[in-house]
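With the hints as extra help, turn the sequences into a complete structure.
Number of protein chains: 2
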Amino acid sequence: MHMKLIYLVCIFALMMTAQAEEVPLKTMKNVVLIIGDGMDDHQITIARNYLKGVQGRLNLDEMSVRSSVQVLTVDENSPTKPVYVADSANSATSMATGYVTSRGRIATSARADADLQTIVELAHNAGFKTGLVTTSSVTDATPASFVAHINIRACESPQTMNFERRGVLIDCSKDQRANGGLGSISEQIAASDLDVVLGGGREHFDMKAEASEETVEEMASASGFTVLHSKKALSNVEAAERLLGLFADSHLPTKLYGEAGRVAEKPEPSLLNSVHWSLGDVELPASMRCVDNPEYGETPSIKLMTSKALDHLSYDNETGFFLMVESASIDKQSHVRNACGSIGELDQLDETLATVLEFAKTHPETLVMVTADHGQAAQLVPNESLFSLMGFPVYTPGQLVRIKMPDGGDMAVNYATNSIFAEEHTGVAVPLHANELGRPLIKTLMTQPEIFEVTREFLGL
Amino acid sequence: MHMKLIYLVCIFALMMTAQAEEVPLKTMKNVVLIIGDGMDDHQITIARNYLKGVQGRLNLDEMSVRSSVQVLTVDENSPTKPVYVADSANSATSMATGYVTSRGRIATSARADADLQTIVELAHNAGFKTGLVTTSSVTDATPASFVAHINIRACESPQTMNFERRGVLIDCSKDQRANGGLGSISEQIAASDLDVVLGGGREHFDMKAEASEETVEEMASASGFTVLHSKKALSNVEAAERLLGLFADSHLPTKLYGEAGRVAEKPEPSLLNSVHWSLGDVELPASMRCVDNPEYGETPSIKLMTSKALDHLSYDNETGFFLMVESASIDKQSHVRNACGSIGELDQLDETLATVLEFAKTHPETLVMVTADHGQAAQLVPNESLFSLMGFPVYTPGQLVRIKMPDGGDMAVNYATNSIFAEEHTGVAVPLHANELGRPLIKTLMTQPEIFEVTREFLGL
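In order, the protein sequences belong to chains A and B. At position 222 of the first sequence (counting the first as 1) the number is 222 in this note's numbering, and the numbers step up by one without a gap. At position 288 of the second sequence (counting the first as 1) the number is 288 in this note's numbering, and the numbers step up by one without a gap.
Don't read these hints as lab results, they were simulated from the structure. Hints are not guaranteed to be accurate.
Given that identical chains are not distinguished, each listed pair holds provided it fits within a single copy or across any two copies.
Said to hold, decoys possible - Below 30 Å or equal to it, Euclidean Cα-Cα: the simulated DSBU-like pairs (lysine-lysine) are:
(1) 361 x 443
(2) 52 x 404
(3) 81 x 266
(4) 81 x 404
(5) 266 x 174
(6) 81 x 52
Treat the numbers as computed from the prediction; the structure is a model and nothing was measured.
Structural data, given as structure tokens:
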């Protein structure tokens with residue numbers, strides 16, 4: 001009995017202590033959501049092997065929470081019917097709005113085409129600052145889904161609201177301002193309440209806005225953005241200003257690429273092999289190094305953009321902020337079968353994560369999540385086939401990159417989802433990593449709309 | 001200052017209470033390690049979509065710990081040099097022994113060919129019971145690596161210790177008993193201290209042991225195993241006996257297969273498409289249902305085998321046990337491009353997990369881990385290409401299964417790592433799920449040898 005008494009006295013005493021020592025200061029609450037576009041487990045393993053070695057660890061491997069996220073998509077015409085593979089527009093919409101939509105849609109609902117409120121809008125309305133950082137055009141699907149509402153992702157600028165592309169009609173005319181709409185994605189960004197937007201896509205701002213003498217960029221300036229075009233300008237800008245940084249016409253260059261610009265190539269079987277698969281031999285693509293992309297130095301890294309975004313968003317801010325950071329070219333380089341490009345981009349993401357985790361140390365109410373929007377085609381396959389001793393020519397029907405690794409071996413990456421100029425996405429569930437603050441909120445299996453819910457709950461929206 | 005004093009008094013009082021109330025009863029400590037062979041995130045997503053729907057949850061999704069495991073392999077001739085894709089022999093050896101080895105090896109070291117002590121041997125020596133359950137031959141690479149020591153996985157029986165297969169010499173003569181070795185894998189199992197071994201592979205026991213008038217099965221009986229050949233015999237056996245169950249000549253049949261025995265097929269482009277990729281059209285394989293495999297009912301399910309194994313291992317046991325359960329045909333069916341086969345096998349694994357978690361409720365010191373040994377070729381790809389509106393014929397260069405889903409849509413699975421009769425493994429990091437007991441032991445990124453370490457630590461070996 002006396003033990004129970006000791007417990008009760010202790011609990012009371014501890015409660016009093018806690019109350020006495022609690023400092024009722026308002027703490028800024030922040031969420032940083034880092035999206036590796038196409039960054040599934042294959043991409044991470046490939047990059048980890050190259051960057052850190054097979055026993056090495058990326059910064060994201062050190063995060064305390066590890067979950068898996070089911071990617072959800074529905075059919076445009078039957079919005080209750082699942083589609084098993086997403087694009088970046090619908091998957092970013094899930095994370096930005098909490099709603100599942102159809103491929104190609106930017107924060108609008110399938111079939112009904114209703115605008116879906118985004119976490120950026122919710123956060124702004126509640127007094128939080130908001131920011132988007134990306135290595136793609138800022139008008140590209142992932143960042144766009146956090147701020148704009150439009151039925152087709154390709155409607156990035158006033159000139160692309162109604163056009164034909166490779167025989168397909170892209171029609172967003174309903175969303176033109178003349179028709180009472182919000183305009184193209186670039187115009188919606190220019191008119192938005194975002195505090196920081198950094199990335200590429202200057203070409204979409206460098207033209208007259210719809211029915212206007214002003215360019216979209218001038219529109220953005222008029223609505224309060226300081227517009228930046230260079231790494232130097234970004235480095236020198238004052239923390240007080242709202243920023244729109246457009247550091248390339250289109251997407252930003254990657255950090256690495258394949259030696260001599262090489263990407264995946266088709267194995268070359270001998271003529272005899274066309275008679276029967278077990279005959280003849282095959283020449284695999286020669287292995288190659290990943291080398292620095294000389295264009296990369298001219299534009300800011302994701303790390304620099306994110307660091308600047310954190311400065312700006314935390315400046316004179318007692319409420320907090322929401323920041324989405326996208327490493328876009330893991331996906332883009334996988335589409336074009338450039339394994340080195342994807343590795344360099346994932347390296348950038350991981351460096352950026354270190355900066356964000358450093359910020360979270362001094363701003364302890366910062367929830368950091370790292371995830372992907374969908375899977376990609378790249379597969380880490382045997383450099384020496386499991387069947388190599390059998391004497392057959394063994395080779396992928398797709399295209400192969402063999403990378404010379406820092407430790408001396410070769411790592412083989414296979415791209416074999418398509419026979420045309422670009423690879424497909426895949427429907428695999430994607431990783432979600434979070435820091436300790438995510439633990440009470442994140443289950444071991446999530447769906448993408450639940451990432452929106454976690455953000456909302458954490459920020460108290 | 002007085003607050004610090006209260007803390008100290010409290011901590012002291014709590015320590016005393018804990019000591020006073022501790023009950024020094026010995027509780028059986030158990031580890032159940034479930035291995036889905038080839039069960040990477042693609043396989044899980046494909047099976048989840050089919051079995052539970054895109055928003056559904058498998059039993060493994062409900063487990064409280066979710067980690068990712070880096071698969072490690074080394075080169076046979078340069079054992080410090082990494083190889084980026086494993087086979088089941090070396091990856092099971094990692095989990096069974098804590099050592100990284102080269103492809104094809106069963107609990108032996110690369111180049112030096114030293115026998116590596118397995119968790120089964122360690123556990124047995126410490127008084128734990130031990131068991132292996134699998135849907136493959138019990139002599140196949142995964143189960144074999146927990147109990148046998150041999151340089152080549154193909155040396156499953158006395159007749160296959162030195163032979164030529166498809167032009168490759170398989171030479172395990174050094175391990176023949178005449179040469180002072182432990183004999184073939186089936187002979188090593190027959191002579192082992194295992195308490196329960198259930199699976200297929202009767203053909204490897206149904207022949208004379210090396211230099212003996214006894215069959216390997218008779219050898220097993222003589223060394224104390226009750227040998228079972230049927231589901232009925234398994235259902236009726238007494239819990240006190242040591243069991244060797246051989247329920248098929250080779251591997252056990254899968255629960256599901258493709259309608260009319262169909263597996264993945266090549267898309268058929270029109271002749272015009274051979275002129276240029278953008279011309280002509282393509283006929284994709286017709287979608288099909290997954291149907292029950294009529295052979296499945298004749299043999300015990302993994303669930304039944306595991307349930308029986310748990311009964312036997314926990315019978316009259318105060319120390320505890322180690323049980324490895326393998327769902328082997330996720331991998332085997334992926335090699336032969338049979339998505340339905342892999343789905344049915346993953347269904348079996350997930351049903352079995354429910355049984356194991358039920359057991360863990362009444363035996364609370366039971367650590368349950370579910371993982372894979374390596375990745376596999378199957379990729380969940382768009383049924384309707386991301387590029388379908390462009391008017392090109394878009395199709396995989398590999399082979400495709402389109403499955404009619406219970407909810408009415410079609411799900412497409414691509415196999416495109418090889419042009420020969422079988423697909424390759426992949427090098428992707430694989431999932432690891434565990435129950436709450438795993439939380440203090442399992443990091444968000446592990447390596448496979450660390451699964452051995454976790455088991456050893458949990459059992460106090």
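Now the hints, each set against the structure:
no.	hint	result
1	361 x 443	both (24 Å within a copy, 21 Å between copies)
2	52 x 404	within (14 Å within a copy, 42 Å between copies)
3	81 x 266	between (37 Å within a copy, 27 Å between copies)
4	81 x 404	between (44 Å within a copy, 13 Å between copies)
5	266 x 174	neither (44 Å within a copy, 42 Å between copies)
6	81 x 52	between (42 Å within a copy, 14 Å between copies)
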